[in-house]
Every structure is written in structure tokens, then in C-alpha cells.
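Colleague: Protein chains in written order, with the working numbering: chain U, 57 to 563; chain H, 17 to 661.
Simulated from the structure, these hints should not be mistaken for laboratory data. Do not rely on the hints blindly, as some may be mistaken.
If you want the footprint, here are the derived chain U segments under chain H, 3+ residues with CB under 8 Å [stated by the list, open to error]: (1) 193-203; (2) 323-334; (3) 414-428; (4) 487-500.
Quick partial rundown of chain U residues pointing at chain H, CB under 8 Å, derived from the structure [claimed, not checked]: (5) I80; (6) N81; (7) F100; (8) L104; (9) P339; (10) L449; (11) V456; (12) V470; (13) V484.
On a predicted model such as this, the values are computed, not experimentally measured, just so you know. A virtual CB, placed ideally from N, CA and C, is assigned to each residue, including glycine.
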Amino acid sequence: MESNTLLSIILFLPILGSVLLLFINKKNENLIRYFGLAISVIVFILSLIIYSNYNNNSGEFQFLFKVSWISNLNISFFIGIDGMSMLLILLTAFITPLTLISSWSSIQKNVKEFTFFFLMLETGIIGVFISLDLFLFYIFWELMLIPMYFIIGIWGGERRIYASVKFFIYTMVGGLLMLVAIIWLAIYASDSLGYFSTNIIELYKIGPTIPQSIQLYMFLAFALSFAIKVPLFPLHTWLPDAHTEAPTAGSVILAAVLLKMGTYGLIRFNLPLFPQASIYFAPFISVLAVIGIIYGALVAMVQKDMKKLVAYSSVAHLGFVVLGIFAMNQESLQGAIIQMVNHGLSTGALFLLVGIIYERTHTREISEYGGLAKVVPFYAFALMFASLSSIGLPGLNGFVGEFLILLGSFQSSVLNSWVYTVFAASGVIFAAIYLLWMYQRVVFGKVTNPKMENLNDINKREMFVLLPVFILIIWIGIYPSTFLKVSEKTTNKVIEQVFHYQNITIK
Amino acid sequence: MVDIIYLTVLLPLLGFLINGIFGTKIKNEKVIGIIGSSAVGLSFIIILLSFFQTLALPEENRKQIIELFTWINAGNLNINIAYQVDQLSLIMALVVTGVGFIIHVYSIGYMHGDKSFWRFFAYLNLFIFAMMNLILADNFVLLFLGWEGVGLCSYLLIGFWYDKKFEKSTTSEAGKKAFIVNRIGDFGFLLGMFLIYLTFGSLNFSEVFARAGASGIPESTFNFIALFLFIGATGKSAQLPLYVWLPDAMAGPTPVSALIHAATMVTAGVYMVARCSIIFVSAPAILTVVAIVGLVTALFAATIGLVQNDIKKVLAYSTISQLGYMFLALGVGAFSAGIFHLMTHAFFKALLFLGAGSIIHAMHEEQNIQNYGGLKKYMPATFTTFLIASLAISGIPPLSGFFSKDEILWFSFANGNILYWGVGAFTALLTAFYMFRLVYLTFMGKERIAKDKNPHESPKVITTPLIALGVLSVIGGFIGIPALFSGEGGNKFEHWLEPIFKNAELKLAHYQTYPHSTEITLMIVPIILAVTGIMVARSIYLKNPSFADKMKSKFYGIHKILWNKYFIDEFYNWLIVTPIYKLSESVLWKITDAKLIDGTVNGLASIINSISTRIRKFENGIAQFYALIMAVGIAIALFWVIFTL
């Protein structure tokens, strides 16, 4: 079938592109840039074609494609997507070309390597979102680490080595535990199925039959790896460093897409594979999520570095997503998924904007700015817009996600208490505090720093990057149905799976 | 007309987009002003026609819902962009677009020459857009969109002159404060919505209110819902304890103070509580809280208003105080009286602010009333209209404020108790006093004007709106003449709104009836008090100005407390703001993040590192050493096997 190969094409096209890139002369920087951009644009167009063929009315995996890979162990190259993967692929394919354009002028050294790693990263990310074989998933999960490590380590700021090593080790540790759990799961499958299996669709039937005592450990092994990636409090400290040191494009892709791999993993694996354990741990994880919401906001409030402030705000925002996941009802889970997209757009936009001003001033210290409204009015507007989206102003995207998550968690039968929502909702106040305060110090007032007097406002290229993001921010804010519909059946299915096994306790 | 009601939302949005995007290109102030004003003017016409259309309908068909499209749909939640046209939303919409249009026209004159003229009109239109959503929404979530939207516009407009100083701080600081304090209220509103959804399984007004009317839901649930919603209302409508943002909001241009911070946005809380009347009457305990908060706020703000010298500050505290009256009305179950006062207040308070703007303009940004005096002869039109509004707010018959305040005071006695009435009547005295202190210090007495100022009457584009509002302030009360005087027809305003509040009023306990003589007595006493207030103000500020200074030094302590607004801002800073900031910076960030978590991670890393450094010594490349280790290993293994056997 033609459409089924599409998925393989968008998976391998970026990495194929990065290999082809090796044959282009290093000095021909513009060709390299355009080539990288062309590849990522094609990927985006293909993702739209996939979307137009995607059937919203089915909760089953679609575009299935399976080729036996390591036949002894029954491991196959098995890919397919459901509503959640569909949205995240769209997000990835949408953000990648924009970040490449955004780094047009900021990345001047080793353009070839940069583009190479970026395309490789895209394959890794898409791979994570479409693998339906645990082993294959694990390969992509680790594959994506390598380019990110280099992107931070080579093109980052002053403390880039520290940040990249920290990023690498944090994620590796989680990954290893997950590998152990994957192997255990496959062996367990061979006991009940009669053959070794890493096929997710098969494992969905087997996972819930794992005895509770072991299931708890399995859950934790997976969850740890994902929680680090999200990041969930208190595993978040790699994030501010990685974000601050990464080049703008790196921060954007990290915030917009990479963090979503963690929340994706929780929904794709933890909930359906270990439903009893998920319910068991839901209050515990939700507490961490709520702490993350408030903690991330409070710490963001006192940051002096604009980029770090945005980074800490991510901790708060992702806290909402995790809360939505573990509240485990249709409203909250739909909210969590749309919020993954939202966070990608609004925080992505904020990082782009920090990058834009950094490129002009070479500082990220909030106190160095002030009065930018007069000097760069378009920039001031764009920053306001992105901040409002992040604050969750109704009519823009952030509200839809946060509202559904909070509404869902309030009536969650799993959490069964208002307390989570009451505390989480206070994050709504704090978000306004840290972002508006930052905005006030950066944009309002009089220009006091002579360095800020003659800045250039946003140029056409930058506008070209921001505009599509802003359009989506409004789109989701006013007509989220386009996106909610895509994941509706999927979330339905996840919840059915969880509650189907709720009362079946396996000794 | 009702079926195109959505245009009243879209037109202001369109105005915002045109002026916002092309404003810098259009440049011409007239064009920008006309675009902005006509967007609101056209909306007003549509609303007015809808009003007459609805008036012609039989009473039971007057509620109409215009659905546009599905907004948020997940699980059982289904939220539409849908507008509800009924008696209450029409009244509100008339006030908002009517007063809004007048203020838009006024702004053409007031903002003349401002370098961001276009931005001002864009924001004003955006505000009307949000406000219309708030009023016309047929569900809580869309109302919340408007609710937060007006908050955003308020923020943007307070900080409109973003590089200007304001008192000890800046305008942008004042804007930020407004937004954040409002968000605290919104937090309550959000929780209220969640609980409503949990209890009634819907967030649509029609469904929620129908189910709330049916019995079977415990009172405690209603109490929580009402409390959460009321927290939202105290934020938006500047009631204790969340009123602190409104006085600072005066940092914005004066038309903004008139439109947003007096006539429309700040009344959103009153509207919301009235809209949810059925929920509030089902929570009698919270209804009492509403009444008491309103009453205390009314008195509290009035006392601060007595001593302020900034003309806009006096008006700001007066607004807080009058909003308190409205909540008092709601709290005693007199919902239509609350809405009635909301409407008349919109007329005379908008007029007072616009008049203040006219004076400030004439006095070249001077706002201290101690530096005014004798302005009457320079600005006759401003003076006359300002005087009318002052008489109206003081409750002098037959001006609009008299009827609405009288209604509230009457119900605060009839449905409440003599204490409510007493405090309310006393506040009326204070109101008359501080308003006429303002009038005498500004327009009459000795000129205390700095030499470089030359006051002059404002142009027509400013005075015409004043006259229009003046007319409304005079006649606006006649539609709500109490049944006592109007005979057969009863109170027309109340009658019009009756279907909205019918269910709520049925649920309230039945109150005893009083003889007409009681009603007349209770009506006359506040009039006497108001006149007394005016006379006292006259005798001090017109006849004997030095007396004020004597009193000031005699009651130094009290004056200082009032002058500093009871030190509430300082108290909040000390109790909440500073501790949170310090905690976040020194404990959370520098200790928890940097020391505790990173310390643990880095510590683990260095432990592993040091272990590996030691283990590395084993790999020294000497074959004999490896052989030795191997031998030892085998020995240990053997021992272990032997012992376990």
C-alpha cells in the first residue's frame, strides 16, 4: 500500500538527507542550509499528506508497516501511528524547518555538521513517535541523544560541556533502566505467548497480566526514564542547564519536541502496559507534577537570565501535562495531549524570541534590557503574544490545554481529591507573575542601557519563522477541535485499556 | 437583529485588527478614531434594535441563543461559541456599547496628538470585544474568555504610557499588579467552574441553572461554588480583599478609567453574580458574605476617599465604594436593584471621570485638587455636567443615583436588617461629603492654580460626550421608579428583569411587608444625610478652608491611616509578596535546586568517579597481578561453594 510506505519515507528521509549532505562541500554553506531546509520542508509536506489520510474515527494504529528485523528474537521494524503520534509528528515536522531557518544567521561555524545533526535528530524523534516495537523504540530513543549531545556541546554557550554531559548522563541513566525493563517484558511475553515479543500491540494484552508486585517495578523503570525526559520534579535540573547552554535552535527543538517524548512515553507505555500500577502510582506522580507546577513557576520568577526563566517555565508547564495524564479521564488526557502541542508552540516561540534578542545584544540578563517597546515595537508585540499564550489566556492555545487538564483532574476518579487541582490551578497565577514581570523589565520603562538604543527590529526572516507559530497559537485557541478530534479516539482507547483492567488484580 | 448579534462582537474585533495592524500606516487620527468609534457605535445600534425586537416578544420567548460553532469538546464537555440574548445581557450590552461609544468619541479629543493614538483605539476596541463576549456568553467558559480578555485590555491600557512614572512606581507596574490580582480572583472563578462541571455535568448557563433550581444538591456544594465564584467577582470588581489594584489602575489614560475602571469592566463581577443568582440563593451563607463584603467595602473605600487629593484617586475609591453597594444589593437578594445601580453608576461615574479628564487636560496633567479651585468660570460645561453627576452619585432626587441607591437601601433593610441600612445610609453621607469636597475644591473657592497653567474649556468633541452622559445621569433613573410612586405598572426595570431572577427570588425566604410610611421614612433619611454631607463639605471647603487643616493636625493619626489607605498594600507586601519571593530565590532555587538536587546528582557522579579511579588501579597491565587476582577469586568462589553445600 502506498500510504503505508509514507511513514517510512518521512522517517528515513531526514537521515538520508544528512548522509547526502556529507557529499556537499563544507564551504558551500548556503547550499547546505537550503538543502537541509528543503529536506525538512518535504518532511513537513509529507506529514500533512499523512494527516489528510489519517482516519480520525478510528482509535486503532494506522499506516502500519512491519518488516521482520531480528527474526530470532521476533523483533521487527514495526511502525504505525495513532492520534497522539499523528499530532506529535505534525509538530515535529512543523517545528524543524522553522528552527533551521531561525539558525540561518546565528549558526556560523560548522554549518554542515549542524545541519547534519539536526536532520539526524529529526529521524530520531519521528522514530520515537512511530515505533510500535519496543526494541525499535529504544534504538530511536537513544539515537536522538547523540545529535542533541553534539548540538549542545558544539554550538552551545560557555558552560556547554557541563550542560551536555549532564543532559547525556541524566537521560542515559533512565534509558538503561528502561532497557532492562524492556528485556524483562519481552521474556515475560515469551512465557505467556510462547515466543519472545517486543510488539507493542501484543504487549498491550500481556502487560496488564503481570503480577502487581512486579508491575510496580516495571512501571517505575519505564516511568523514571520518561520522568527524566519530561522532566518531572525533582529530576529536572538538567533542563535549565541544557536549555540555557544550547543554541536557540537546540532549545526550541528541545522544548518543543524532545520533552514531549517523555510525556508521550507515559501515555504510550506506562498507562496501557501497566494499568494497575499506573492507578496505584497516580497520586504519587500527580503530587510530583503539582510540585513541579508551583516549584517551576516560583523558581522561574527569581531568574535573572531570560532563557533560564523560560526553561523553568517549561518545568511548570510540563507539570500540567503529567497531571493531565495521571488524572486519567477523557478531558484531562485530551488536555494533556493538546497541551504537549501548545507547549511546543508557545515555549518554542519564547525561545525563538530570546534567541532573536540575544543575537542582537549578546546578553540574556533581564536587567540589561528595559524599554525595548520603544526601540523594537514588533519584537515587543511578539514577546507579548508568546507570553500571553504561555500564560494561558483564553482565546489562545494554552488555555484550552490547561483548562481541560484542570477540569479533568478536578473530577478524576483516580485522584479523587480536589487538592491536586486547587494547587495546580495556583500555577495559573504564578505564570502571570513571572512572565509579566519579565516582560515589564525587558520591554517597558525607559531605555537605560545605551547598548539597547539602536537595535534592529524583527526582520523578515524572523517574522517568517514566528508567523506560522502565532497562527497556530490562535487556531488552537479558537478552534481546537481540529486537533482534539485527531486524538479523541486514541485517548478513549487508552482510558478504556486502563479501566478495563482496573478491577482485575493479579496476584 | 438578534440573529446577527455576533456582529456586536465581531465589529469591535475588526476595529481592533484594522487599527492594530494598519494603525501606523493610516496615521490620520480622524480615520483611526472613526474606525474605532463606529465599530462600537454600530454595535450599539444592533443592540438597541435587538432590544426593541425583544421587547415586542412575549415574555417567555425573550431568551434567545445564537450558536456559532463548537469551541472546546472533550469527553462530556461541550463548549460552544454561542451568545445568549436575554433581558439581562441586553441591559448590560446597552450600557457597554452605549457608554463605550460615548467614551470612544471623547477619546478622539482626549488622546489627540498622542504618538500611539492608533494603539489606544485598537486596545479600546479589543476591550469592547472581550466585554461583549463576557456579557453575551451562554456558558461559563466563554464568559471566562471575556473575563480574562477585559483583564488583558485593562493591563495593556493601564500601562499604555509604558515609560511613564506613576507615583512611587511606574504605569507598567500598576498594570501588572492589576493583572495579577485579577488572576487571583480568576483562580477562584476557575475552581468554581470545575465544581459546577463536577456537580451539574455542564458549563452551559441554561443547563446549569435549570439543574441548580432542581433540588437534590447539598447546600455545602452550593456554598463552595458560590464562594469560588465570588472570589472571582471580588478580583474583577475590586472588593475587599482584592480591591488593591483599582486605585493603581488610575495610572492609565482617563478615558480608560472611565470606560474600564468605572463603567463597565469592574461591574463584571456584579453581572456574574446576578447571572448566577440561582446558585447564590441556594448558598445562603455565602449570600450573606456577599452582602457583608459589599457593605464593608462600601464604607471602607468611602473613608479613604475622604482625604485623597488626586482627583482620579477620589473617584477610584468612590467606584470601589459604589461597587460595594451593588454587592450589598446582590447579597440581600435584590438582584435587579444591583443591576439598576450598575447602570446608573455607569452613567454618572463615566461622566465624573470624563469630567476629570477634561479638567486634567485643561490643567496640563495636574491632578491634585489642592492645586485647582475656581475652575467654574473657565469650564462651564465641564462644571455643570460634573455637578449633575456629583448630585446623582450623592443620591439627590430626582437624579438617577437617587432611585438606584434608594432601591438598594430599601432592600438592605427589607430583606436584610437595620444595620445594613444604617451603614449604607451613613456611607451615603460620606459619599456626598467627599464628592462635594471635590466639587468645591475644584470648581469653586479661591484659585490655587499654578501660574504656568491657563485653564480653558475643552473642545466640543470632549464636552458633547459630557452632555450626553449628563442627560443620562438625570433621566436614567426614571425607568426604575419604585412601585410606591409609579403605581399600577410597578418598577419597570424590575419588571423587565423579573424573568431572569424569578427562580432565585422564589427560593429566597419570604420577607415580611412593611407599611408605606416605613418605606418613605427610610427614603427621606438618606436624602437628609446626603444634603448634610454636601452642606458640611460646603461649610468647610468653601467657607472655611483652614478648618480642614486644623482637623488634619488634630486627628493626625486617623488622617495618616486614611491617607495611606490603611497601609493595606504595605501589609500585603510584607505578608505575601516578599516572603514568596525570598523563599523562591534563596530556598527553592539556591538551595533545593542548586545544592540539594544538583548536589546529589553531582555527588553521585563524583562517588562513581572516585570508585572508578580506584578500580582503574586494578587494570595496571601487569599479567602477574591479574593472575593473582584470578587465583584469589577462584579461592573465594571455592570457599563459597564449599560452605553453601
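Colleague: Next, verify each hint and record whether it holds.
Modeller: Here is how each hint holds up against the structure:
1. 193-203: Result for this restraint: violated, n = 0.
2. 323-334: Check failed, 0 qualifying residues.
3. 414-428: violated (count 1)
4. 487-500: holds (count 7)
5. I80: 39 Å, violated
6. N81: This interface hint is violated because 41 Å lies over the 8 Å limit.
7. F100: 27 Å, violated
8. L104: Interface hint status for L104/U: violated (23 Å vs cutoff 8 Å).
9. P339: 18 Å, violated
10. L449: 6 Å, holds
11. V456: For V456/U, the interface hint holds, since the closest Cβ of chain H sits about 6 Å away, which is under 8 Å.
12. V470: 14 Å, violated
13. V484: 6 Å, holds
Hint compliance for this structure: hints 1, 2, 3, 5, 6, 7, 8, 9 and 12 are broken, all remaining hints hold.
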